Structure formats: C-alpha cells, structure tokens
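Participant: For reference, the chains in residue letters:
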Amino acid sequence: MSRGDRRGVRLGVWLGTASLVLGSLTLGVGSLTAQAAAKPFKACVVTDTGGINDKSFNASAWKGMQDAHARNKNIVVSYLSSTSSADYVPNINTFVHRGCGIIVTVGFLMDTATQQAANAHPTQKFAIVDDAPQHLKYHNVLALQYETDQAAFLGGYLAAASTKTGVVGTYGGMEFPSVTMYMNGFVAGVRYFDKVKGAAVKVLGWTPAKGTCSLASCGGTGTFVGNFTDQTAGKTITANDFAAGADIVFPVAGSVGLGSVAAAQQAGKGHSIMWVDSNGCVSDAADCSWFIGTVAKGVEASVRDAVLAAASGKFHGGTYLGTLKNQGTALEYGGIPVPASVKSAIATIAKGIMAGTISVNPNNYPAK
Amino acid sequence: MPEGRRRWWHHLTTQRPWLVTLYALVLGFVVGALVIITTTASVLDAWRAIFSSWSALGHAIKLTFDVVGAAYRTMFTGAVVNPRVFWHAVTTGQGWTYALTPMSETLTYAAPLIIASVGVGIAFQTGIFNIGANGQAILGGVAGAYAGSLIHLPTFLHLPLTLLAGILGGVAVGLIPGLLKAYTGAHEVIVTLMLNYVVAALLIFTLLSTALQQPGQQNDISRTIDPSAQLAPLFGAASGLRVNWGLAVAALVVVFAWWFLERSSLGFDFRVTGANPQAARASGINARAVIILVFVISGGLAGLAGIVQMAGTTHYLDGGFLIGNAGIGFTAITVALLGRNRPGGIVWSSLLFAGLGVGGRAMQAATGIPLDLATVIQSAVVLFVATPVLVQEIFRLRHTEAGEVRLATSGWGS
Amino acid sequence: MRLELRGITKRFGPLTANDHIDLTVEPGQIHCLLGENGAGKSTLMNVVFGLLHPDEGEILVDGVPQRFANSGEAVRKGIGMVHQHFMLVPVFSVAENVVLGFEPTRSLGRLDRARAREEIRRTSQEFNLEVDPDAIVENLPVGLQQRVEILKALNHDAELLILDEPTAVLTPQEIDALMAIMRSLAASGKSILFISHKLKEVRAVSDVVTVIRQGRVIDQVPPTTDEATLASLMVGRDVTLTVAKDAAAPGEPVLRLEDVVVRDDRGLVAVDHVSLSVHAGEILALAGVQGNGQTELVEAVAGMRDVESGRITLGGRDITNATPRHVLDGGLGHIPEDRQRYGLVMSMTLADNLVLNTPRRAPFAARGTRNLGAVRANAEDLVGRFDIRTTSVESPLSALSGGNQQKVIVARELSRPLEVLVAAQPTRGLDVGSIEYVHRQIVEQRNEGLAVLIVSSELDEVMALGDRIAVMHAGQITGVVDPSTSREQIGLLMAGAVGAADA
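Chains as they are written, first to last, in the numbering used here: chain A, 19 to 386; chain B, 114 to 527; chain C, 546 to 1048.
Looking at chain A on its own, in the form it has when it is part of the complex (with noise of 0.2 Å):
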C-alpha cells in the first residue's frame, strides 16, 4: 500500500466516525419520540448559578423534586443550570415550550425574569424559592418565603441555655434580608432567654435596628463576611468571638460556616456551632458532633409539596410562607446532648409561637 493510500484510509475511518456520530442524530428522533405515549406531568427546576450540586438552596430545590418524583412516580423531574443571569429567561422559555407542569425558580435573582414568564404566559405554573414577585398579572406563582426568624428564636433560646461563658455569636454572609432575618430572630431568642430566665446572656455580632423585622427589609448592624465563600474569613471573625468570650456562633453564611466549624474545632471542645438553612449533621455528617443544631429553611419541603399539588390539580398562586407551623422552618437538633428539660422548653416555646402569643420581634425584650 502506498503512503498516500494509507493517508486515505485513515481520513476516510475519521470521517466515517464522524458521519456516523451526525448520523445518528436522525436516528434518535424515533427513539425519543416513542416513549412519550404514558402523558407524565413534568415538574422542572431552573437553578441559580450555583447548579444542583451546590450544597444550598438549588441542590434543596433538587432535592424536593425528588421527593416529589418519590412519592408520585408520574413525576418526571429535570433541571437547567443557570451560568449567568442572561440565562434565565431562556431556561425558563425552554421549559414553558417543554410542557413543564409546574417550572421551579430560585432565588431572588430570578425574581424579573420569573415575572416576566409568569405574565407572558398566564396557564403555566410557577413557584419561586426565596422571592416573592411584585408586579404579577395572574395568580400563576407560588412565592416560597420562610420566616426563619422563628426557627431562629428557637435557635437563639437553645444557645442562651446551653452557653457556659455566658456569651454567644453570630454573622452574616452578605446583608441581604434572607440573611439578616435569621439573625433577628436568635438575638430576639437570646433576649427572651434572658427575660425569663433573669440571665444576661450576651449576643456578639447583630444588633436589630427598631420596629419590625420582615422579608423586604430586616435591618440592624452586625458582622458581614461580604461573600457566600470566604471560609477564611468565617474562621477569623468565628476565632475572635471565642476569644471575646463566646462558646457557641451561629454562622448565617453557607459554607462559610466551615470556616467557624474549623475555627471551634481550633478552639477545642466546650465551643460549639450552630448550623443555618439544611441539617448540618446531613449535609456535613462529618463535623456533626461541633454542632448544637442547626435553624433549618424547609426548602425541601416546601417544593416537594408545591411541586405534588400542582401534579394533582392543587395549585394556588400566592403566597407560601414557611413557618414552625407548616414545618416551613425548624430547629433540629445536633450532636451535642441538649437536655431534656431545654427540649421540653423550647417545645412550649415553639407552641408559643405559632399561637401568636411569643413575638420574635427582639425590641418587644430589654437587650442586655
């Protein structure tokens, strides 16, 4: 064989496997087309930038899905990742011309384009993680917000309890309200702690600003790490509250809180942290002996159950708010014992407050 026939066969393999692999494109349209006979309800999740593997709320939005998928396997579940914000309006197109039951969205980031979708096609479903829209024409959206301010308390009452140096901590990621709420409501379960225990229990890191904390605007003075992803800087602010005096911080910053995981672990044993948004004992099995527990954002949940009720016909636009009551958002506890009689404690106070009778608001309490 002369070289230039060889040369030949080699090109003509190459090509050949690269017409096959074009070829097949047409192949696959009959295969594809044939198992759609069964009618599922499609339930898609457009993600944030973070994608599903994230460890926050995007791989909780997921994971609900899932749940979803779990309990009504005529749930067919999928998901777009997002790269940039120009993403989300032609994600969320994709899936409306998909024939998405219900289309999922999270976080404020895709409040504009969420709204934008929801009232250029009025009989698609929508349900929003974190965000509730403004300006909507229909009733086509499920605002998925959650007063975490309540687990919180819980929160900030199992940590006045439980410290031994009579000082707690607590920082935030960035000053967003979805942030800053959290901390509201463990510095107003600190405060409650003191009022009826006569204790003076000390809170480093958020002081609430007056009147009334809500999701639009909760605002105050505190400690910021300015990202979601500094876990250097979570170590640094988590070490300077140890050595202020505390025992136990609450990190409200993602996985910035690791940072404090590692700064408690420094600091040896008698230092502890309280875990934010998804169990810390789940979600970072490894360290779950430095944690008290954690104030947990029914995410999960919330979406499972939005996602199902829009399977069966259920769904309403409006408003989810997740609270204590609706499991919405809760404490659970961590790998710390905690006495029984501070469980059976903040069990009444939980009852307290999806009575209305215990207010989360801390100025309705004399700060120490």
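Please keep in mind that the hints were generated in silico from the structure rather than gathered at the bench.
Just so it is clear, the structure is predicted and the values come from calculations on it, not from any experiment.
Just so you know, even glycine gets a beta-carbon here, dropped at the ideal spot from N, CA and C.
Keep in mind that the hints are not guaranteed to be accurate.
To be verified - Some chain B residues close to chain C (C-beta under 10 Å, calculated; not the full set):
{"id": "1", "residue": "ALA154"}
{"id": "2", "residue": "SER155"}
{"id": "3", "residue": "ALA314"}
{"id": "4", "residue": "GLU375"}
{"id": "5", "residue": "SER378"}
{"id": "6", "residue": "GLY380"}
{"id": "7", "residue": "PHE381"}
{"id": "8", "residue": "ASP382"}
{"id": "9", "residue": "GLN391"}
{"id": "10", "residue": "ARG394"}
{"id": "11", "residue": "ILE398"}
{"id": "12", "residue": "ASN399"}
Model the placement of chains B and C on the given structure of chain A, informed by the hints.
Facilitator: Structure of chains B and C alone, referenced to chain A:
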C-alpha cells in the same frame, strides 16, 4: 481518479489552516461523544453486558448511537433550528416564535461575544495579550448601567450615550495596563489578569453601596436601565424573540475591525508591530502610541461587549455579571484563538461557541446530560486547534508549501 | 565516508526544490556545492541530514541505502552538520555545548564535567581545533563559535561534515583559519560537503565543485575553473564581477557626524567621539572587523539608539536623537544589517513590505485609509524595476529567497526621495548575481547625486564601492583613506594602527 475528484482529495488531505479548524471541530465532537458514552450509566452497562453475552453487542451499539445521537440532535435543534417545528410553522403559519427561538438565542449570545473577541483579536494581532477583557467588559456594563438608569433622555440620545459609557468604562480599565506597559514595560498579562479581580470587587461595591443599587433592595442587584437605553428586540417585543439590536452593533464592530486591520493606516501599524516589533520601530512606528491605542481599542470593544450583554438581555446587573463561567471576556480569548484573530473567523467561532452553549441547554433539558458537555467540546476544539501537529498526525495531512501551520498566537514575549 | 545521492527529488507543492540530484562525496574529499540563494542547496542538505524526506531518490552511505526518519538517525550514521545559524546554548560553556545530548554522566545522572573537558581536549588536539573548553559560548567571537559547532559534530563521531555557508559570518582571518581546519579534517579522512556561493573560497579549498541551479545539477567542475566561468554556470548568464564606476563628483556634505558618542546595549562606549561627513554624489565606505562600533553608529544615525554626546545633521537639520520617523522623513534611506529583524516583516506580503516605512505617504493612503490599489501598483512596478523574483506581489515575504528579500529593502529605500542612503552589510549572504545587482544600484544612485554610507566587513566590497574608505576600530575612526590604498595598509588600520595611512 478523475481530475476534479483528485483535486478535492488533495484539498482534503493537505494541511491548511481552515482545514485544521474543521477537523478540530470533528475531533471535538468525537471527544464529546466519548464523554457522553463514559458518563452515561445505561450505555456503560450495555457495554459491560457484552462480556457475558456477545449478542448484547448489537444492543450496546444501538444504545450508544441513540444516546449520543439524541444529545447532538437536541443540541443542534436547540441551537439552530428544529426542522419539525420549523415545518409546522411553515405549513400552519403558527408557532414562528418557537421555531425561530433557537437561532434567536444563539445570535443573542453571539453578539457580545463577537464584540469582545474582536477586541481581544486586534490586541493579539498587535502582539498584545489582553487577558483583562472580562474586567473591561464588567466595568463597561457598570458604566453603561449608570448612564442607562440614572440619566433620563429620549432613545436617540440615551442609547448611544449608554453604549458610549460602556465603551469608556472598558477604556478606563484597559488604559491602566496600556499606560503601565508603554511607560514602565510592565507585562500586560499580569496587569490585565489581576485587574479582573479588582473590577469584580468593584462590581459588588457599586451594586451594594452606590446609587446603582435597585431602590428597596438590599441584595446585590442594580436598577433596571430605562427602556430608552435598552437594545430593543430586533423584531419587536411582540415577536418573543430575544435577538436584539446588539447584533447590529456586533455587525458594525466586525465591519469596523475588518476595515481597521485590512485597510487603515493605523491598523497596518498594529499588524507590523505584532509581526515584528523591531522592524516596526525601525520603520518609524511609535511603539508607545501603538501600545496605548491597542488597549484603548481592545478595552473599548470589551466594554462595549459588556454593555451590549446587559442592555440586550437582562437590562440590569447583579453580583454574578460576567463572573465565572459567564465571563465572556475569558471566552473571547479562546474564540479569538479559534478565529485566528481575524474578524471573519471570529464571527464563525463566536457563533459556534454561542450555539454550543445554547444547544447545550436544550440538550440538558431534553436528555439530562449536563450542560458542561458543551464546555468539554469547546475546550477540545480549542485544544486541537492549538496543536495543529496533533490534528495533522491523526488525519495524516500533507505539509503545505509554506511548511507548518502556525499557531494564531506565537508567544508570550512582550 | 562515501556519501552517494541518487536522483534525489523534493517538491513543495508545485515547486520542485531538488530535481533528480546525483552527487557523490568520496572519503577525504572536500566537495563544494555551489549555487545561488534559492537554488536548492539548503533543501538538499536538509534531506541528507534527515530534516526533510525526499519524494524520490535514495541516499547511500558507504554503499548502503539509508532512510533517515530524523536528524538523530543521520547523526548516528556519522553525518554532522554545521548550520548557518549556530545551534548553541549561549550561556553554556564550550564543553557543555559539545556534549549536549550525549553527556558523559556519573551516577544519578550527574554531568561528568572532567570527562567532558577531557574528551574535548582530545578531539580538539586531534584535529587542531584550539578552543578553551571552559569558555562561555556567548563570550566567544563568531569564528570560535563555529569551531565549537565543528567540534560538536566531530565529538558525535561524524565522518561526513556538512558546512552550510560557513564563511558568511567570518572575518577574512577567520575564513583562512576555517579553511586550514577543513584541509586538516580532509587529510585525516573525513569527508566534507561545503555549501557556498563565494567563488574565491570555493576555488581555494574544494577538491570538486558541483554547481546547482534551480534545483538541478548543472555541472561538476574542478576547482581550477576560473571565477567568471563558475559565476556564469551558477547564475546562468555572464556576470560582471567588478563594479564599473566613474570617478566621484562629490558635492556638499549631506550627513555629518560631529564628535558622536554612543553606548552599546551593555552600556559600554561603542562609538567613541566619531566625526564623519558623507557628501552628495560620493560613497563613503566604512570598513572594519565586525563589532567595532559600526552597528551602533548606524543605529544612532537611524534614530534607533541614543546619542550620548555630539551632533548628527542631515542636510543641515539636526537629527541627533530624533525618532526613526523623523529621520526617515528627513530623507534617510536605511538598509539595516539584520534585514529580517529590522527591515522586513516576514509574515506580511511583498507589497506591504515595499511600503513598510511609507504606509501613510500619498498615494498609499489618504485620510487614514490605505489605498491597496496604489500599494499593489507600486509593488508591481518595483518588482519589475528591481528584478525581484516572486510568484505574486501578495506572497508572504517568507516565501522569497534571501537575495530577493534584500532586493525588497533596496527597492523600497531607493524608490523614495532620499538625501542619504545608509547601507549596512548590503550584500551579506547574497549570491553573485544579487551582489552585482545591488552594487550597480548603489553606484547609479551615487551618480545621480545621492550621498551613500556603506558599512561592510567585506574588504572586497569596501574597496570596490568606496570613493573614500573610513576604517573603524574599537569605536574610533583609525583613518580615512583613498580606495587605491593597499589591502595591507587597510588591514593595519582595521587592526587599530591609528594614523598608519594618514600620510
């Protein structure tokens, strides 16, 4: 062989730049197919089954082609056109928006990418590595957002002003490495690279602590720019297609860049400087002026890309603007490389990259294969383009008269 | 070693660089391959050395057919090559360079310097190639660097040495030394394939001369053949070897240097209080061994190097420390010494290179836009007038041969209005045909009243062209003499004997 066919065969087996790019593309998709095969559990299981029974081979092959085929098919229909939907629109006159959305989306993403890549390409042709296009684009977006949301004017004044603000934002960031290199010899790669971080921090600062922040918001999100400052949808808001006048801006930029590089005296100075700085100096070209001007033009185009991205799609900024995978200023470097730094080549490579991204999303929605596959293909294509020797060996290409196919960028020396 | 080439053919696309070349080098023979630039000599040598693969034909070493996949295989078969541009690591010592790739090592791969030094001493004594094994290569003069290259090949047990244009970079004394080395190598049984286009050297050193032209072997002749015959075989027509020129009619001084001091890249004084003037209608030839400040002097005149003190004027205007743009616009034509580096852009087209320093001049551009039609017309015109051989004016310059590249610069500089032409080594590396051409052009311009400053390290050129000869040594002008002065006298001035010929 008949003469005509022989000539074609000669074409296809002789190494030349466009052919290497084409074959690199083919290889990129082959690599993508391998990734799909090795990461899809069902396909792997089917192949494992052939160890117990040879009869499973047919099934394994069929499944492989089904899965890979479905992925690339949805990628294509999601990025260009779905023939079935298109035919439906033609025959019924209904659903044109749906039929044209894929193309509209690809063009929407391509427009700012073309602009940024042309800026990077002009710098490359002058021998300057502008790794800071992303930072320049971000500040372009920020400056444009100020002009678009805090000043209120009629469209014919407001839109040009907003675009101009974007350009000036990019120029402002670009001038820093330009002046430093011209007057102190500081290496532009390091300065531009580091400035990206500075600008990213500046973005957050402007969104949280200045008048740009959306009123009533405590989150890192900007005001929405006035409709008079927005790049309106090309076919009107009612069309439902996002493709906007940013595409026209990109077209103007391409024409300008072509004229600049091929026809202008200044562009000639740029090319001489890029090809042989010593000869440029001996020929009376003012190297300092060229360096500064390169950064003005390259930075200005990057800034324009930033404002086109914002004014054409979201109409507001958030803390993730052009950050991470969304950084068109970084993508522009590879796009310019793929397009061999020429305006025409950049148009094609931008469309390819935009199409892979848009099609990748459609593929993810339809098949569950992660969007990252598009990135894998993009990277593989660039890798093959950057190593012509590899492509030449795989396809056994003949050498051309000139000898070697050169890399589009030949070194990092300053 | 006996090297035999049978029907070697190498094509690049439509171009046939070597067309059925037959050639035999006998053991102990100095075989010269004579041809113009672009005749296919380098291609043939790259084929022999395994850098290119022939499309047809075979290579036999001692009667055995060979196929070299790469140059490493050629080296293992006893073929050594000394390239025109040396392949040495400048910051390494002589010993390190010679053993590079075949290092004698001690345990754990440590370089055995003592053994390397010893090996080199042995080889250099055997072949009478004196060089200090511990010297750093970049500190050695060019002639010695070339010696290191030869040593390197011999150290790899080369039986056949290919010398590619080895004299192009040497001084007359170094050339003599090289020839002595070649003769002693041949006497010890080594075969030498010597590539050149310089007739004098070819006649002086070779045993057999093979002339190639346009890729074909034209003839094989004995070295006793006279120069005119060799030249016409090589070029394909009769060639004039001397420059015909009338006596100069010098006019006013145009370019004046007054007490000029210039420093080199290392900050040392390279031009030491030099005063010169070049008159309209005369050629002032600046002679001297390379590296005595000529390069820096020319760069200072062209605006590319700072003048520390003194004054340079061009037609009465002060151009001391002016920008290159200013100097070029003032009517200075410059043929730089390193043409590929300072004079041309290899990746750009011939047409663009012809307007490299006048891109904005009418009619090549107007209001910032280039007029490509005019640029092209200019190129077509100059290609015809200056006999530049190219397939198209849109070809990249890299596709042209060295001689034609030099013609591009000459054409570009002489085609714009000039007051003075500064030409540094204008014929270096050119073949006879091109040298003749460039010389004629320069004399013609001088006849029309141009002031010309020629810088050359080739004494023949200096004496043939110069109306006056200035000799430079160690940054100073050691004398300005008449071209009728004897070679010995000028040689003394070049060696630094100040005032030897002032009388």
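Participant: A separate judgement is required for each hint: does it hold in the structure or not?
Facilitator: Evaluation of the provided hints:
1. For ALA154 (chain B), the interface hint is violated, the least distance from its beta-carbon to any beta-carbon of chain C being 45 Å, above 10 Å.
2. Hint on SER155 (chain B) is violated. Least Cβ distance to chain C is approximately 46 Å, over the 10 Å limit.
3. Contact between ALA314 (chain B) and chain C, as hinted, is not supported at the beta carbon level, the nearest pair being about 39 Å apart and thus beyond 10 Å.
4. With its C-beta approaching chain C no nearer than about 8 Å, GLU375 (chain B) sits inside the 10 Å limit, and its interface hint holds.
5. Taken as an interface hint, SER378 (chain B) checks out: its beta carbon lies about 5 Å from the nearest beta carbon of chain C, inside 10 Å.
6. Nearest Cβ of chain C to the Cβ of GLY380 (chain B): about 8 Å, under the 10 Å cut. The hint holds.
7. The beta carbon of PHE381 (chain B) comes within 5 Å of a beta carbon in chain C, closer than 10 Å, and the hint placing it at the interface holds.
8. Interface hint at ASP382 (chain B): satisfied, since its Cβ lies 7 Å from the closest Cβ of chain C, which is below the 10 Å cut-off.
9. About 5 Å separates the beta-carbon of GLN391 (chain B) from the nearest beta-carbon of chain C, less than 10 Å, and the hint is met.
10. Look at ARG394 (chain B): its Cβ gets to within about 6 Å of chain C, closer than 10 Å, so that hint holds up.
11. For the restraint placing ILE398 (chain B) at the interface with chain C, the shortest Cβ-Cβ distance is roughly 8 Å, inside the 10 Å limit, so the hint holds.
12. At a threshold of 10 Å, the smallest CB-CB gap from ASN399 (chain B) to chain C is about 7 Å, leaving the interface hint in force.
Violation of the numbered hints given earlier is confined to hints 1, 2 and 3; the remaining hints are satisfied by the structure.
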